[in-house]
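Number of protein chains: 2
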Amino acid sequence: MTKTILVICDGLADRPIRELGNKTPLEVAKTPNLDQIAIDGISGMMHPVDVGVRPGSDAAHLALFGYDPKEYYSGRGPFECLGIGMDLKSDDVALRANVATLDEQGEIIDRRAGRIDSTQSVVDYLGEIEIDGVKFIMKPGLSHRLGLIVRGNGLSHLVSNRDPKKVGVLPSEVKALDDTAQARFTAQVLNKFAQAVTGKLKDTSFNQERISQGLLPANTILFRGAGRLPNNLPSFKEKYGLHSAAIAAGPLYRGIAKALGMNIIFFPPQAGVTGKPDSNIKAKIDKAIELTSEYDFIFVHIKAADSLAEDGNFLGKVEFIEKIDQAIKSLVDHPEILVAITADHTTACELKIHTADPVPLTIRGLGVRTDDLQAYSERECVKGQLGHIRGIHLMPILVDILGLSTMYGA
Amino acid sequence: MTKTILVICDGLADRPIRELGNKTPLEVAKTPNLDQIAIDGISGMMHPVDVGVRPGSDAAHLALFGYDPKEYYSGRGPFECLGIGMDLKSDDVALRANVATLDEQGEIIDRRAGRIDSTQSVVDYLGEIEIDGVKFIMKPGLSHRLGLIVRGNGLSHLVSNRDPKKVGVLPSEVKALDDTAQARFTAQVLNKFAQAVTGKLKDTSFNQERISQGLLPANTILFRGAGRLPNNLPSFKEKYGLHSAAIAAGPLYRGIAKALGMNIIFFPPQAGVTGKPDSNIKAKIDKAIELTSEYDFIFVHIKAADSLAEDGNFLGKVEFIEKIDQAIKSLVDHPEILVAITADHTTACELKIHTADPVPLTIRGLGVRTDDLQAYSERECVKGQLGHIRGIHLMPILVDILGLSTMYGA
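Line order of the protein sequences matches chains E and B.
Just so we're aligned: the first sequence equals residues 1083 to 1492 in my numbering.
Just so we're aligned: the second sequence equals residues 1083 to 1492 in my numbering.
If we strip away everything but chain E, and leave its shape as in the complex, we get (with noise of 0.2 Å):
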């Protein structure tokens, strides 16, 4: 059976940039590898969520999987708690969270606690946290953030989140997002809870140290995207069959890919498998390759084109951008592997946000229609022969292109 191997490049689209003269980074990047991709494929543009629709990350990959948001996204929460490995049962309500710095006046200074390197001490001092009925698990996720799950009886994902997104003011009261006694009394538990961790982190130990070492303390929790896993999630194999693996370094697309039931696939120290700029892109795309032994099909996430525009840095993302092609390479030595390379979202560097604006979709394999492409670019793959689809087509194109889609009628 062919094998299928999926990379999507995270905030890899853009919109033309003045100082590249007019040209996405995308475009003005050497790329001989994506563009021998296209050139031995087919190519359209997909929307990922749907046309003039400003995808988050969550949404898109979920849409690019084949899974409709609109059925199945209630949140970010879950997938972040999936990703850095906490157990989640169906009616747990899940959100990512920070540890900020509150003042005196309890108005938040830093969202971030001075960009703390891990919650670990935070997490453990506070342990499990009960409150009516309710308990409260957390879990240390990458440097300053955590996983937190509400688990209990009578509980709501529609509540609204405690983390205003900026600084200056007090973190935001939690409240219900419809009328239902569920949503009341979740966004009240939540509130006694940020209460309760901001009393208890007050006078820490590790807090006091960290103010004679002039950092910021690590004072309250806040928190947002609260979500559910939907009950009603088919796993990739029983939607399609295949048996399915993930290469992916940040916790939301790990999340996304455990919660699909996926393979998460995990890299030593050494081999320098970051999700940044300075990641070990080449690693990834060989472990794909050497995985198609062992599985049907293999998901690889490259982040850093997404990070590279959300700073505005246009250079950087040429540069990161050749390094994705470089690693690519080894995909255009296995013509047997089937080859799917997009974006979950653009990201434009000069107004450092995701937006809505379709991305560039080449797939490639035996027996895939080719058409006239020179190029992968954002320009280049309108011409293609797959025209414009939005982010759930994926899936069933490249299924069918394995010939094992079901048919409609008879």
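One or more hints might be untrue.
Each pair may be met inside one copy or between any two copies, as identical chains are not told apart.
Subject to a maximum C-alpha distance of 25 Å in a straight line, what follows is the list of computed DSS-like cross-link-like pairs (lysine-lysine) [claimed, not checked]:
hint, residue 1, residue 2
1, K1112, K1405
2, K1152, K1321
3, K1434, K1321
4, K1257, K1321
In short, the hints are calculated from the structure, not lab data.
With chain E fixed as given, assemble chain B onto it according to the hints.
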């Protein structure tokens, strides 16, 4: 903040015309300025309502402003009434009406009473009519037209037209379009109203005078397009956060703009803004540019390409398109403004009707992706990066270009 001007050229698009060498009026017309906007921008084809759907101007404009007509449109009446300055309550049923001429047998001789130049005397003579507790409020529109509001309890807009849109027949009996008591009652009072009005107008002095002058009397009222303003219509400002103004001569377009809370811009008579082929389009475009100092979004409606095509006057349409092009020069000279140029539908000169063919769309502004187009036309815009979109996608795309759209997911 970047300001936006949306120019909707009514009925601009067409089908190939034999006498024009199988080209469309837009292909034949010399349009260096429209072409420049297309060269500098991103283009595509837009299906105003949906693929294969032949749009009325009302439904098309709602869609282009991002209001799905399936959700928000019930009939043209409310927009026509608003557009001539009538006050509409949310329970009112509103219709557009003509004064017309019936012969002795009650058959329609002329649907416009000899294109009478005003309905003021008719409206003044009839005053406010009340039948079975229902009020009928009228206001003169342009020439033979008037607005008709039906106000009272237990009404429905689901009633058929009295205007059969042809001569030599009796006016149609108004019928309920569903099986509710409200629709039956509304049909009944509208029929009673029609009978009462016809009786009253029979021997008026102004009709005697018209007859003595050899003119057709205005001895009845024909009405159609019953509708209601949707209760749930969010304003343009609520929907997009944009402070908006509308430059349009026709009551329908003013009415739609008013329903969405846009400010209607009026010109003094000497400005020559008429909505006809002689209209001073340049004054409208230049006014729109001037208004960018005060508003975020300006909608400019240009009418006559549609009227000329409905008369089958393809040479007149070519000439009028060249006149539009001259006015567009001012927009070429303002690259800092986000500009979108399109049509609300195709009007085919050969058929003299609206058709479902998609319309060319070009968006030009700082940061917008560009493509390889060399002209603005039905044939060229197909090659653009926007691909094929629906009318309701236009505003989300513009708002996203401005960097103002909300994120789906996180």
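Alpha-carbon proximity between K1112 and K1405, which holds within one copy, between copies, both or neither at 25 Å: within (10 Å within a copy, 45 Å between copies)
Alpha-carbon proximity between K1152 and K1321, which holds within one copy, between copies, both or neither at 25 Å: Intra 17 Å, inter 20 Å, cutoff 25 Å: intra and inter.
Identical-chain pair category, K1257 with K1321, by Cα at 25 Å: between (36 Å within a copy, 23 Å between copies)
Up to 25 Å CA-CA - K1321 versus K1434, copy category: between (36 Å within a copy, 23 Å between copies)
Going through the hint list in order, the structure satisfies each hint without exception.
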